[in-house]
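Asks: With chain A held as given, fit chain B onto it using these hints.
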Amino acid sequence: MSRQLPIADAQEVRRYARALVRRHPGQLALALGLHGLAAVAGLVAPRLLGNLVEGLSTGTTTRTVDEVAMAIAAFVVTQAVLTRFAAFCSARLGERVLAELREEFVDRILAIPLSTVERAGTGDLLTRTSRDVSALSHSVRFAVPEILIATLTAVFVVAAILLTSPLLALPCLVAVPMLWFGTRWYLRRAPAGYLRENAAYSDITDGISETVEGSRTTEALRLQDRRRVRTDSDIARSYAAEKYTLMLRTVWFPIVEVGYVVPVVATLLLGGWFYLEGWVTLGEVTAATLYVQALVDPIDRLLSWLDELQVGGASLARLLGVAGRPAPTPTPTQTPAGRGQRLVAEDVRYAYVEGREVLHGIDLTVEPGERLAMVGPSGAGKSTLGRLLAGIHAPTGGSVTVGGVPLASLPLDELRSHVALVTQEHHVFIGTVRDNLVMARPGATDEEVRSALAAVDALDWVTALPSDLDTVVGTGGHPVPPAQAQQLALARLVLADPHTLVLDEATSLIDPRAARHLERSLAAVLQGRTVIAIAHRLFSAHDADRVAVVEDGRITELGSHAELVAAGGSYAALWRSWHGEEGHSAQKRRQSPYSTVA
Amino acid sequence: MRPLPVGDPGDPDVRSATRYLLWLAARTWPSLLAAMGFATLWLVSQALIPATVGRAIDAGLSARDRDGLLRWGAVLFGLGLVTGVSGVLRHRMAAFNYLSAIYRTVQLTVQQANRIGATLPKRLSTGEVVSIGTSDINHIGGALDITARGTGSLVAVVTVAVILLTTSVPLGLVVVVGVPVMMLIAGALIKPLQRRQQVYRDQEGKLTTRAGDLVAGLRVLRGVGGEATFAGRYRAESQDLRSAGVRVARIESLLAASEILLPGMFLVLVTWLGARFALRGEITAGELVALYGYAAFLVSPLRQLTEAIDRLTRGHVAARRVVRMFTLVPEFTSPAAPVTAPRGPLVDAESGLTVQPGRLTAIAAREPGDAAAIADRLGRFADGRVTLSGVPLADLDLADLRRRILLADNDARLFAGPLRAELDPAGKGDRPVADALDAASAVDVVDALPDGLDALVAERGREFSGGQQQRLRLARALVADPETLVLVEPTSAVDAHTEARIAARLGAARAGRTTVVCTTSPLVLDQADEVNFVADGRVVAAGTHRDLLRRRPDYAAAVTREEDQ
Numbered sequence: 001m002s003r004q005l006p007i008a009d010a011q012e013v014r015r016y017a018r019a020l021v022r023r024h025p026g027q028l029a030l031a032l033g034l035h036g037l038a039a040v041a042g043l044v045a046p047r048l049l050g051n052l053v054e055g056l057s058t059g060t061t062t063r064t065v066d067e068v069a070m071a072i073a074a075f076v077v078t079q080a081v082l083t084r085f086a087a088f089c090s091a092r093l094g095e096r097v098l099a100e101l102r103e104e105f106v107d108r109i110l111a112i113p114l115s116t117v118e119r120a121g122t123g124d125l126l127t128r129t130s131r132d133v134s135a136l137s138h139s140v141r142f143a144v145p146e147i148l149i150a151t152l153t154a155v156f157v158v159a160a161i162l163l164t165s166p167l168l169a170l171p172c173l174v175a176v177p178m179l180w181f182g183t184r185w186y187l188r189r190a191p192a193g194y195l196r197e198n199a200a201y202s203d204i205t206d207g208i209s210e211t212v213e214g215s216r217t218t219e220a221l222r223l224q225d226r227r228r229v230r231t232d233s234d235i236a237r238s239y240a241a242e243k244y245t246l247m248l249r250t251v252w253f254p255i256v257e258v259g260y261v262v263p264v265v266a267t268l269l270l271g272g273w274f275y276l277e278g279w280v281t282l283g284e285v286t287a288a289t290l291y292v293q294a295l296v297d298p299i300d301r302l303l304s305w306l307d308e309l310q311v312g313g314a315s316l317a318r319l320l321g322v323a324g325r326p327a328p329t330p331t332p333t334q335t336p337a338g339r340g341q342r343l344v345a346e347d348v349r350y351a352y353v354e355g356r357e358v359l360h361g362i363d364l365t366v367e368p369g370e371r372l373a374m375v376g377p378s379g380a381g382k383s384t385l386g387r388l389l390a391g392i393h394a395p396t397g398g399s400v401t402v403g404g405v406p407l408a409s410l411p412l413d414e415l416r417s418h419v420a421l422v423t424q425e426h427h428v429f430i431g432t433v434r435d436n437l438v439m440a441r442p443g444a445t446d447e448e449v450r451s452a453l454a455a456v457d458a459l460d461w462v463t464a465l466p467s468d469l470d471t472v473v474g475t476g477g478h479p480v481p482p483a484q485a486q487q488l489a490l491a492r493l494v495l496a497d498p499h500t501l502v503l504d505e506a507t508s509l510i511d512p513r514a515a516r517h518l519e520r521s522l523a524a525v526l527q528g529r530t531v532i533a534i535a536h537r538l539f540s541a542h543d544a545d546r547v548a549v550v551e552d553g554r555i556t557e558l559g560s561h562a563e564l565v566a567a568g569g570s571y572a573a574l575w576r577s578w579h580g581e582e583g584h585s586a587q588k589r590r591q592s593p594y595s596t597v598a
Numbered sequence: 001m002r003p004l005p006v007g008d009p010g011d012p013d014v015r016s017a018t019r020y021l022l023w024l025a026a027r028t029w030p031s032l033l034a035a036m037g038f039a040t041l042w043l044v045s046q047a048l049i050p051a052t053v054g055r056a057i058d059a060g061l062s063a064r065d066r067d068g069l070l071r072w073g074a075v076l077f078g079l080g081l082v083t084g085v086s087g088v089l090r091h092r093m094a095a096f097n098y099l100s101a102i103y104r105t106v107q108l109t110v111q112q113a114n115r116i117g118a119t120l121p122k123r124l125s126t127g128e129v130v131s132i133g134t135s136d137i138n139h140i141g142g143a144l145d146i147t148a149r150g151t152g153s154l155v156a157v158v159t160v161a162v163i164l165l166t167t168s169v170p171l172g173l174v175v176v177v178g179v180p181v182m183m184l185i186a187g188a189l190i191k192p193l194q195r196r197q198q199v200y201r202d203q204e205g206k207l208t209t210r211a212g213d214l215v216a217g218l219r220v221l222r223g224v225g226g227e228a229t230f231a232g233r234y235r236a237e238s239q240d241l242r243s244a245g246v247r248v249a250r251i252e253s254l255l256a257a258s259e260i261l262l263p264g265m266f267l268v269l270v271t272w273l274g275a276r277f278a279l280r281g282e283i284t285a286g287e288l289v290a291l292y293g294y295a296a297f298l299v300s301p302l303r304q305l306t307e308a309i310d311r312l313t314r315g316h317v318a319a320r321r322v323v324r325m326f327t328l329v330p331e332f333t334s335p336a337a338p339v340t341a342p343r344g345p346l347v348d349a350e351s352g353l354t355v356q357p358g359r360l361t362a363i364a365a366r367e368p369g370d371a372a373a374i375a376d377r378l379g380r381f382a383d384g385r386v387t388l389s390g391v392p393l394a395d396l397d398l399a400d401l402r403r404r405i406l407l408a409d410n411d412a413r414l415f416a417g418p419l420r421a422e423l424d425p426a427g428k429g430d431r432p433v434a435d436a437l438d439a440a441s442a443v444d445v446v447d448a449l450p451d452g453l454d455a456l457v458a459e460r461g462r463e464f465s466g467g468q469q470q471r472l473r474l475a476r477a478l479v480a481d482p483e484t485l486v487l488v489e490p491t492s493a494v495d496a497h498t499e500a501r502i503a504a505r506l507g508a509a510r511a512g513r514t515t516v517v518c519t520t521s522p523l524v525l526d527q528a529d530e531v532n533f534v535a536d537g538r539v540v541a542a543g544t545h546r547d548l549l550r551r552r553p554d555y556a557a558a559v560t561r562e563e564d565q
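Residue numbers (the UniProt record's numbering), protein chains in the order written: chain A, 1 to 598; chain B, 1 to 565.
Just chain A, with the same shape it has in the complex:
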């Protein structure tokens, strides 16, 4: 039904990550430098302790002991201070990069062509906006700095061992193959395993909220057993996913743990042998043993954050993928001169999927100021035709032009000033009432906003809101019932002021009483514009200048209401069943939306 948005490939992710690293070279160098110094300061203490132990066996004085203790204390304080600034600088840089990442992502979303959004749906995009942004955020805030610090620390510890005695660095190498192969085995499987685990877990939480929100339906239809079975199967799937990752850890953990203890034992034994042979001193062996133990912590942190880094990388790929479909830059060859242009569809064909055409050659000319109603059964292609006429999709065959210029070639801003599509989908954005309106015409004055609200009969309730135009509405804000939300959408249109409107069942989801009120608001919007209405209720068709019956991707009947009723086709049949044989009040209806100009 919907096609997923693309995902960036590994090369692109790496290129982007590299560019990101280079973006703030000064801050990055500062953070890395501070971490490095802190790590160095941290390595002196074990070294001094080694000296102390050696001094004890060779004989030393209380004064020396006191001095060494003071020195160790000084280094500890230095390390703590450096760590404070290092951690702060790297976190500040992380927050900065993270803010840039998410802002760039939102810019990308806002630049996606409308046809892509229509095709892919918003579900995938929503997942990327919430889940992937937060996964990436987790990576940038925790995994990246932890891994950087751990790597730096490990490098310095190894350097310290080499400085103590290059010979004593050899025993450490025995653990490298174990850790390397064990971790590689784990990392190849872990990200997919954890993604599956998380997905299975969200199925459980989704299932719970579904069970709770639908508990009335469950009771009415006696679906209790089905809910229970669904829950149990969700749990079984989650358990299978958990068991898989648990198996991965069951293999990996012991390898790593043994990988940590082997170098300590090796350093002690080989170091002991070297000492007995007289190649190294006792202090060097003690220090090296302590250093090897000190190596365990950074290596452990490094390894345990690697899979988080992988997850963050995968999320970054999905975020970058949103831009993978570049907006086709329309070539502004010509622009239709002003308003009052005729909208012409010639031999229009359209297929969402290649080879499955849903519109089979439609010819239609809509005159300026005309009211055209489109009726027909669900799935006949009315909405698709409406989208083509509004320039949202380009036809796969034939052309849709306004004033001789193909709609699909118009830049978005230009297109919006010609034709707008109004659907039953109305969305109130988080923000003030004013924000929700001026979006259609940035820079509109309060006066213009108020007159637009007045035009759709919404000024009264807006004025009655707690803070008037400044009232915050949308998710979490002041509640706006659907009918009023629809009025806001209409007021937006008044501000946007296109000369042609395509209405796709614009009022169909509103409860009948509210719809009556809305239709009055709508009438005000339609005043003086060309209107193509995909009619939901027949009485709106009745008042149109012409009615087009769309069946099976073709226009099968086209003419005025009276002509079509007289012709006795499918429209006539429907009209009769709607009104009973008497055609009861056909003459009396005056207030439907088209009547103001009909």
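In short, the hints are calculated from the structure, not lab data.
Each hint should be verified, as a subset may be incorrect.
[Said to hold, decoys possible] Calculated cross-link-like contacts (lysine to aspartate or glutamate; reagent style EDC-like; alpha-carbon spacing at most 20 Å):
{"no.": "1", "chain 1": "B", "residue 1": "206", "chain 2": "A", "residue 2": "103"}
{"no.": "2", "chain 1": "B", "residue 1": "206", "chain 2": "A", "residue 2": "100"}
{"no.": "3", "chain 1": "B", "residue 1": "122", "chain 2": "B", "residue 2": "331"}
Replies: Chain B only, in chain A's frame:
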């Protein structure tokens, strides 16, 4: 590991949050005990490593004893193996305890939601119940998970304290008293950190909501413009979040520094004292190294103890919420001694409506809310004076009543899962499903799906348009084929052609059964055997649609959607 989920989650002890947690613990006591055992072994073997290194230095290196060195090296390696193996076994057991606690709580939550049904949304907000799913079960699982490491840490701390005190009483006392004091000092930073983290998380949540808002309204935005305005607003909030992140980092970096400074200074103190003791010959060089190791080691089990207290507290708070949900009781229940009622007229005394069995009765209300209220009473989703064949609905067995009278309104929900099972939960077969889809004019909806009836419906059926959802819900109600079906505005979201088809087929699909339709659509009203016109909550006129159109101008005005004024 035993398979999960368990077939029957059992009967929980819901007298209090603590009792519920204990009840959960008792359900998995063997693995809980095993996890505690392995955790103890894991931590104690870690605790012994510094001493072993110390002995290896003393008995092997300093004494220049090759065999001693080898022996202690082997002991060290053995301890490493024990740590690795007991660590992973502990992890497996604790994971099982965690999972079986959360799965059991999920099962009980669903069981309880099923038991109280329509009462649930009235008693608890969706947010509260969703937070059971998203966070509470995690906290409960976390509480059971931490019991293992908590116990192990306690044993390890005691073990180390005993070893230290036997090595040197004054040094042992410094460590035993010093480490907890150090933890307390570091803990002082935790509170402000958590506060700022909370602020950060709230702002992060707000920003995610804002981005989600942009995506949800993307079609509108791309249709009429305003990208720059909203991108600017997003950027401003994103920068606010960045500042909040920097504020968190300020405390976090202090904490990071204190985690180096406090144990570091403490170690210096211990080492300095130890070295002086060693000089005086009170302890050996190896014991000094071990002392250093113990003091460093203690930080970890003490941190785990703090974590244990925190997670047990959170688990308790979460259990309180869960227990509250578990103790809710349904609003409508079966009477102690239910009576049976034969098929007969269904009468709502409040509105004066009488529904004759086997007929298609329509309710056309001037105020749509009135019709919905009557429907709720007829289906016993609201209290009222409704009788079936003269027997009050409250005297009937509730399960039996739900089987006989089905209320299908537009708030009814399509659940996620295979479409076939969604339409036909009772498994009545392909024939009734095909007939119902035809009557609901929903064949094209199913045909358009790549897998037809085997297609998976997404949550809330959100990939279907409003009209398609409505037709599928109608088909589902028709497949259920109850003795009495109460439909509320079943065609409000479909186009006129489709509505005409549904209206024409509804009567045949329900032939011989009782059907009530609340609607103002002339196409549907025209097909009804009898139309009841409701004004101000009362039936003010009854007859056929055409009859009423002729007789009652107010009826004509209501159903043809003309303006009264």
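Asks: Now tell me if each hint is right for this structure.
Replies: Hint by hint, here is what the structure shows:
no., hint, result
1, B:206 to A:103, "holds, 15 Å"
2, B:206 to A:100, "holds, 17 Å"
3, B:122 to B:331, "holds, 10 Å"
Against the hints set out earlier in the document, no violation occurs for any number.
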